Amino acid sequence: MYIHKKIYEIRYTDIDAYDNLKPSALLSFLEESACLSADELGFGYEDIAPKNIGFIVVNWYIELNRPIKIGDKLEIHTWPLKPKYLIFFRDFELFVNGEKVGVGTARWCMIDTVNYTMLPVSAYFREGDFDNYNTERSIDFKAWKIPAIEGGKSTYKKLITYSDYDHYFHVNNTKYADYLMDVFSVEEMKSKRIKSLQVTYVKQCKIGEVIEMVRFNAENYCLAEGRVDGETRVQFKVEFDEV
5 MYIHKKIYEI RYTDIDAYDN LKPSALLSFL EESACLSADE LGFGYEDIAP KNIGFIVVNW
65 YIELNRPIKI GDKLEIHTWP LKPKYLIFFR DFELFVNGEK VGVGTARWCM IDTVNYTMLP
125 VSAYFREGDF DNYNTERSID FKAWKIPAIE GGKSTYKKLI TYSDYDHYFH VNNTKYADYL
185 MDVFSVEEMK SKRIKSLQVT YVKQCKIGEV IEMVRFNAEN YCLAEGRVDG ETRVQFKVEF
245 DEV
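Residue numbers (the working numbering): 5 to 247.
These are calculated hints, taken from the structure and not from any lab test.
As the structure is a prediction and not an experimental result, all values here were calculated from the model.
A hint or two may mislead.
Derived CB-CB ranges, DEER-like [claimed, not checked]:
(1) N56 / V214: 29 to 35 Å
(2) D170 / A127: 17 to 23 Å
(3) V190 / E213: 25 to 31 Å
(4) R70 / D144: 18 to 24 Å
(5) K161 / E131: 46 to 52 Å
(6) G155 / V190: 23 to 29 Å
(7) I74 / K10: 15 to 21 Å
(8) Y137 / S195: 39 to 45 Å
(9) N224 / Y128: 36 to 42 Å
(10) F188 / K149: 19 to 25 Å
(11) E36 / Y128: 19 to 25 Å
(12) C39 / E213: 23 to 29 Å
(13) V190 / N56: 40 to 46 Å
When the alpha-carbon atoms are kept at most 25 Å apart in a straight line, the in silico BS3-like pairs for lysine-lysine are as follows [said to hold, decoys possible]:
(14) K162 / K26
(15) K196 / K161
(16) K73 / K104
Every residue gets a Cβ at the ideal spot worked out from N, C-alpha and C, and that includes glycine.
Using the sequences and the accompanying hints, generate a full structural model.
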C-alpha cells in the first residue's frame, strides 16, 4: 500500500531553548509531507487550486515517545485514509535512525477557496479513487473533542500580523503551536518534554485581530485556548513527561 516517505534534518532554527524540536517545526514538517503526498496522488495544490479548491487541517493528534533533538534526521511516513463525506484522514509515523519516535493523525476538510465553505468529497474525487488507499492506522485515536476551559488564566495577548498568514489569508495552522508554547515559561519547560499534543482549529484568525491565550492546568495535562473577543478560535491539549 502507498506510503510517502521523506527525511528532514533538524536544524538550529527548528529547536527550542533545550535543543528539542519545536511543535511548530514538527507541524511544519508534517504539513510539508502531507502536501508532497497529495502532489503524488493527484490532489496537490497545483491540481486543485485552479478549481478554487483547497485543504485546511481541522485537528492534529501527535504522540512522541522521546524528544526529537537537534542533529536528528527525522523520517516521516504518511498516507491518506478513505475520507468520510466532509472529513479527510491522514496518518503519520515518525522515525529517527530506524527507531519509531512518534505517531500522528490529522483530520482535514476540503474547502471552496472563494467563499470558504466546506466541500464534500464528491466535489473533486470519484468513488474509485480510494480503492488502493492504505487501510492501516498509525494510531487508533477517536477522542477528538477537547474540553472547553472553564475559568483558566489569561497568559498573554498577541496581534495577528502579516507573518502569521498563509496563502489562504488566515493564520497558518503551524503558527498556533508557537502561541501554545508561549503560555509556558522557559523555567517550566526545562524539566518537561511533550508526550502528546492535540489541536482543534475552531475558526480562522485574521490580520488585525487580537488573540488572547488562556491556560488551564489539569491533573495530567494542560489545556490552552486562543480567544478573540471571548470567542474560542483554537484549542490545545498537551501532556508532558518529566525529564
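Hint check:
Distance hint for N56 and V214: a CB-CB separation of about 30 Å, consistent with the stated range 29 to 35 Å. Taken as a hint, the range 17 to 23 Å holds for the pair D170 and A127, whose Cβ atoms sit roughly 21 Å apart. Taking the beta carbon of each, V190 and E213 are about 27 Å apart, inside 25 to 31 Å as hinted. For R70 paired with D144, a C-beta distance near 21 Å keeps the hint of 18 to 24 Å intact.
Checked against the hint of 46 to 52 Å, the pair K161 and E131 passes, with Cβ atoms roughly 48 Å apart. In this structure the hint that G155 and V190 lie 23 to 29 Å apart at CB holds, the actual value being about 25 Å. Separated by about 19 Å at the C-beta atoms, I74 and K10 satisfy the suggested range of 15 to 21 Å. For Y137 paired with S195, a C-beta distance near 42 Å keeps the hint of 39 to 45 Å intact.
Remark: the range hint 36 to 42 Å for N224 to Y128 is upheld by a beta-carbon distance near 41 Å. The hinted range of 19 to 25 Å is satisfied by F188 and K149, whose Cβ atoms lie roughly 23 Å apart. At roughly 21 Å, the beta-carbon separation of E36 and Y128 lies within the given 19 to 25 Å, and the hint holds. Between C39 and E213 the CB atoms are about 26 Å apart, so this pair conforms to the stated range of 23 to 29 Å.
A C-beta distance of roughly 44 Å is found between V190 and N56, which places it inside the suggested range of 40 to 46 Å. Restraint check for K162 and K26: the C-alpha separation of about 19 Å stays at or below 25 Å, so the hint holds. With a CA separation close to 24 Å, the supplied pair K196 and K161 stays within the 25 Å bound. Between the alpha carbons of K73 and K104 the distance comes to roughly 14 Å, so the proposed pair stays at or under 25 Å and holds.
Every hint from the earlier list agrees with this structure, and none is contradicted.
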